[in-house]
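Let's have the full structure, built from the sequences with the hints guiding it.
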Amino acid sequence: MRTTRPRRCVLAAIICSTLSSPAAWADGEVIAAFTKNQVDPHFEGVRAGVAQMAQRMNATVKNYTPTKPNNITEGMSQLEDVGVTKPNLMLFMPIDAKAQLPTIKRLIDSGLPIINYNDRGGDAPFLSFIGQDDYKLGYDIAKTLFDHLGGKGNVVILEGVKGSTTGDERKRGFDAAAKDYPNIKILASQPTNFQRLLGMQTMENLIQQFSTIDGVIAAADASALGAIEALNAAGRKNVAVVSINGVPEAVEAVKAGSLLAIAEFDGFKIGCVATAVGLNAIRGQSAPKQVTIPGAIITKANYAPWLIPYKDRTCPTPDAYIAK
Amino acid sequence: MTIPATLDTRSPSLSPDALALLGRLILIVLIAGALTAVDPGFASVSNLLNMLRQASLLFLVASGLTLVIIGGGLDLSVGSNLTLSACLAAAAIKTTGNPWYGVAVAVTSGTLIGFTNGLMINRLRLPPFLATFGMLWVAQGAAYWFMAGQTIYGMPMSFRYFGTGFFLGVPLPIWITLVVCVVCSIILHRTTFGREAYFMGANQTAALLSGIAVERRRLLLYVLSGLTAGIAALVYLARLNAAEPGIGEPLLLPAIAAVLVGGTSLFGGSGNIVGTVLGAILLTIIVNGLNLLNVAATWHPFVNGAVVLIAILADFIVSRRRSESG
Amino acid sequence: MTAPTQSQQRPGAGQFFSAIPGAGILLILMLALFTIANPRFVSQTNLVNVGLQASLLLMIALPMTLIILTEGLDLSAGALLGLSGVIVAEALLAGWSVFAACAMAFAISTAFGALNGVLIAYLTLPAFVVTLGTMGLMQGIALVMTNGDPVGGFTPAIETFYRSQLWIFPMPIVVAVALYAALWLLLYRTRLGNYVIAIGGNKDALRLAGIRANLVHLAVYVLGSAIVGLSAVLLIGRTNSAHPTVGIGMEFEAIAAVVLGGTSFEKGQGWLFGAVLGALAITVLRNGLNILSVDSSLQVVCIGILLILALLIDRARKHYSR
Amino acid sequence: MPAATAAGGHPADHAAAPLLRLIDIDKSFPGVHALRSVSLDIHAGEVHVILGQNGAGKSTLIKTLYGAHAADKGHIEVEGRRVAVARPADASALGIAVIFQEFSLVPYLDIAQNIYLGREAAFARFGLIDSAAMHAAARTILDDLGLDYDTHAYAADLGVAQQQMVEIAKALSQNARVLVMDEPTAAISEREAERLFATIARLTQKNVAIVYISHRMKEVQMLGDRITILRDGAVVTSVLRDEMSQTEMVGAMIGRPSGSQLARTPRAPGDPILFARGISTAKLSDISIEIRAGEVVGLAGLVGSGRTEVVRALFGADPITGGEIALSGSRAPTTLDARVRAGMALLPEDRKREGLALPLDIRDNATVASLWRRFTSGWFSPAAAERDTRGLIAQLGIAAHGTHQTVRTLSGGNQQKVVLAKWLAAGSRLFLLDEPTRGVDVGAKAEIYRLIDQLVDGGAGVVVISSELPELVQLCDRAYVMRDHRIVGHLDDDALTERAILELVVHQ
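Protein chains in written order, with our numbering: chain X, -17 to 306; chain S, 4 to 329; chain E, 631 to 952; chain V, 91 to 598.
Read the hints as simulated data drawn from the structure, not as lab findings.
Possibly wrong hints are sitting among the right ones.
[As the list claims (entries may be wrong)] With a straight-line cut-off of 30 Å between C-alpha atoms, the simulated DSBU-like cross-links for lysine-lysine are: (1) S:K97 / X:K293; (2) S:K97 / X:K219; (3) X:K68 / X:K87; (4) V:K442 / V:K153; (5) X:K118 / X:K271; (6) X:K282 / S:K97; (7) E:K897 / V:K373; (8) X:K134 / X:K219; (9) X:K50 / S:K97; (10) V:K373 / V:K296; (11) V:K442 / V:K535; (12) X:K68 / X:K237; (13) V:K153 / E:K897; (14) X:K50 / X:K125; (15) X:K237 / S:K97; (16) X:K134 / X:K282; (17) X:K167 / X:K282; (18) E:K897 / V:K535; (19) X:K134 / X:K50.
In structure tokens:
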């Protein structure tokens, strides 16, 4: 036993240091904010928005993210665990709506107020849904590209994660737009899981397969950025690429001209509005059933506001969107 | 007892290792031929180079791992080592603007992680599987913590050349693969260290009793594995033009598969680096071919699994036949 | 007989307390620390949560213990969990009865277990490589069957089962405890159990005793896969849908749990209860860190350090007890 | 000697028919006539000692009895009935059990489970083992043997002697009527041996027949009711204990009147190469040895007397806890690899596990220990290694297709030569040879002797461990004799005879 003692001290030190790290206590309510992974900067935007609005409204935020990206079992466990800590408000985005719905319903039944944000979480009695219209984002950005191409040309689609609401809705938007343009030919549509490496390798293979590609629609910035790398490496200069999200790196690409346009899916704004709506609701105001934040099309003409780092941006209030 | 004059009547090209490599090469050629028949575009120079470039990324992760496995070990931390090294290197390049700092950082961090693995296995006598499995989590967590949800992007052109550039019409990652392959090959076959690694892998006790400094050699093997993970991190970084904390983890199992499909035995003491190159090409060509045939991406894991099983079964049958005839 | 008495025989049953493995020590420490840091940690709801989460991990870790006792490994367990869930879900959607759907999943899991077992026991191929290959097969089939999409909308009976309780105990915990009891009986109270330990410890001795050792070896893989296949029912009950890739990575977590609990990769040394300790240690760590809302990135580091620490404690104790 | 009295309580009552008879058993292997028409009568309640040097045919005899080898000629009778023993299972069914030197216990099963491994059905109730009943049964058997072991203890936690006792218990639980013990005291301490003898006494009282194989004269005198001496595969004599003196037995084993032996060419040793003083390790105490250039030093003793441990300690393979080792006059380096570089070489007893990498080829194996010396820059040249290997193959007369033949496919003698080649290439000056001729055929044996001569002529020092006394006496200039992990004697010149060694080995 004598040898284990020093090791135990080390362990105790580690655990104590981890306990003391995050989340300084404030006076107000405790918000549990869920995001899907630690990899995609979009969710960093969400977390930044939640943090800023919570600070402004004097509440405390605790973040929950699975250790493995988009891991559904971990996401389930975290939901269950958070139920125990009884936060005053939960901001929830599903990793998989179907899977998490039963647990969410039970949490709501137990009296926990939950705001659904970013992705639709199914038909549970949420206080409110704050997000954007993925179908419309998909439709608008595809239309932007098709107009840019003059209504005709060969286009490939890099889809998101098959089966995710976000991915499927955006895809539906792309397809709907394509129907409106009879001279646009969709060469291929392949899943890239919102990932950069997969976006790049899929694009590399598509380049080999098709000699003329005029446009690329990516369901997310990361896939688009990967695809641009592949196009540059292959020397395909005149391919117009569009995507959805608007993370700083992609906006820089718009500025540089390698990305034609982005349909804004703004995590920062979603985080801000969700926090405000939720806090207002638990402080006695009535909550709108749904707040849909319109997505701008970010182009070379208007990119500047999206280049500001998240921490320097100012949270919009919900009123800006509810009034309409 | 005299030695027959025809000591080596069996020509060296028929040695078991060469036979295994030849078999894999023939398989690759057959698949390539079949794909060309289906779609002549497959055989275009640009597609072949594209495929080789993808294979080279996989190979780079698997190269150091091959050395470790030949030496009788295992390194499960290569994927997360790559992640952490790429993230640190990207930060270094971003803050200094000088790519060489990035190179130094990636190589150092990769090597340090490998060194720590070796130390844990040598000094604490942890089984390689577990020591490197623990390291997998630690390095991955460190990368998440370091990146705090961000990506670091926008590498200078001079640096991106490593991933995207061409030299003599051939993509640079392929050249790097060639260099790493030649260097590993030289290490394995033209240095005393390499010969000792094979011996260690085949029989650790006998290696120790033959005067091989087993612990130092083992440490070096893990350092090399870490180093190649660091180099691979640089190529990935240059190729992707961005570092995010999720890039390395999905590479671990394909890298192990490439080593095994390449004919290196998990028991140690056999195999070689060229096999791993062929293994990486085989795994890549199959994915490439499936895309060409418009087979859904969902089939990829199945085909990869089948290739792994077929490879070990083929080696099993060949080795059994040889031991029966010998 | 005047011979000196043979002392210093450590009794097998008494080893429980004299040799609490590293995971046990860490578990107790964590329980204490988390309770001090946030008393809600020991609330009934949270303990049920820990139980539920650990029970799923246990469903894989328990059969994995048997496999590791034979000096083997099953990397395909996680993929099989996903595949089996998909099969049950698709069969239910196709109008099969719950029983028939489970029987189908059971049959296919068993077949894959037999494939692993034949390659490992009879052809003596390394378990790591074999199960890496079959993992690809299983994952691939699940993906192809579902096109990568989650499958939902099947009969709520499965979820009802997952949420049901036996007296005050949630069903998954009951099932895990029952499985533990069954495997405990199998391992420690049946012939087969002795043979499992003998395969890892001294396969030749088993052959010499006239036992068809390879058949037993094969049976361990078949049994392991059958259990994992059936546990998929609990998993899809939990999520009310089947995900083709849901189990990926769980095999490593299960292996970690088994090893944390003090089961070794060599010589058939280990114990079934170690898997319980290991699974609880991992679950409590994650749960506790969640309750204290520790940053996810630090959670990842903590798991790695926990693993290495537990191994070090075991090593140190073994070293000084000799 | 209470045990001996107990065992001797049955002055062989040979009116009854023997329990087991071996009749004219003959067995040949390629190149070796292992058993020549051996006949043996084994009576119930009797300890039948089989004496013989290494290679006398003892292990072949056991294996034939146990069904592991099929006899070429002759047959076995049990209680007067002719029986077929084709497989170990047949032997078990007839009540014949063998306790080999390598045990067949499963480390992490407890004593009771090990005893009943494969026969659990006897305790099964509704498919479950009645653990209590099994432990009770095991308890009874252990009590019968006078052992108070906890039946719940793992085999892994038992000492060698205890494991051996469990093996005996396992044999008895199968109602063994004939128990064969192969050098049972080889690896256990004096006190443990006494317990074993007491156990044997109990067994004979229960009418079990014991076939006891040993070299130890003291044990033979104490235990044996009947003694059969084997030499070169044939029975020299079979006598009752009191019919033959110890000296006569030794003489019968050696086969020559003592004193007569092959002439040894005297050598003129040079300067000391190795000098070890007061070496102690976990398994050795106070070993002092000197080896000079140009001489062959023998290390005699029984298996388990600490011979192997001595060379391992000298080689740096086991950590030493006391004493010091000097190499060529200066303090020896501490690590094994440094000692190899200083010119030491070890030819281990178990060449397959410790000497060779079986899946690799001759070149890899023959060059592995000399890489540091041959390729000082660290660059390896396959061509040079190839040349060297061909040279070694020619020099040692290794029969192989070529340098790329895998070592696994070589014969035992040729494998041994590859190990020697490894050290020749390393230019070693001090060779520690642990049983260099075990498991090699006569031709290869002669070549190994020739090689040892060459080495010594070239100024090397050689230490030879051998269980074959004629070999030791013929090869060595002088010899240290070991017993119970100590050096108990040093013989040189005319004093080095088989008899002198045997007397030191066996006497108290």
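So, going through the hints one by one against the coordinates:
no., hint, verdict
1, S:K97 / X:K293, "19 Å, holds"
2, S:K97 / X:K219, "26 Å, holds"
3, X:K68 / X:K87, "15 Å, holds"
4, V:K442 / V:K153, "22 Å, holds"
5, X:K118 / X:K271, "19 Å, holds"
6, X:K282 / S:K97, "24 Å, holds"
7, E:K897 / V:K373, "25 Å, holds"
8, X:K134 / X:K219, "18 Å, holds"
9, X:K50 / S:K97, "26 Å, holds"
10, V:K373 / V:K296, "36 Å, violated"
11, V:K442 / V:K535, "18 Å, holds"
12, X:K68 / X:K237, "45 Å, violated"
13, V:K153 / E:K897, "27 Å, holds"
14, X:K50 / X:K125, "35 Å, violated"
15, X:K237 / S:K97, "19 Å, holds"
16, X:K134 / X:K282, "22 Å, holds"
17, X:K167 / X:K282, "26 Å, holds"
18, E:K897 / V:K535, "37 Å, violated"
19, X:K134 / X:K50, "42 Å, violated"
Hints 10, 12, 14, 18 and 19 from the list above are not met by this structure, while the remaining hints are.
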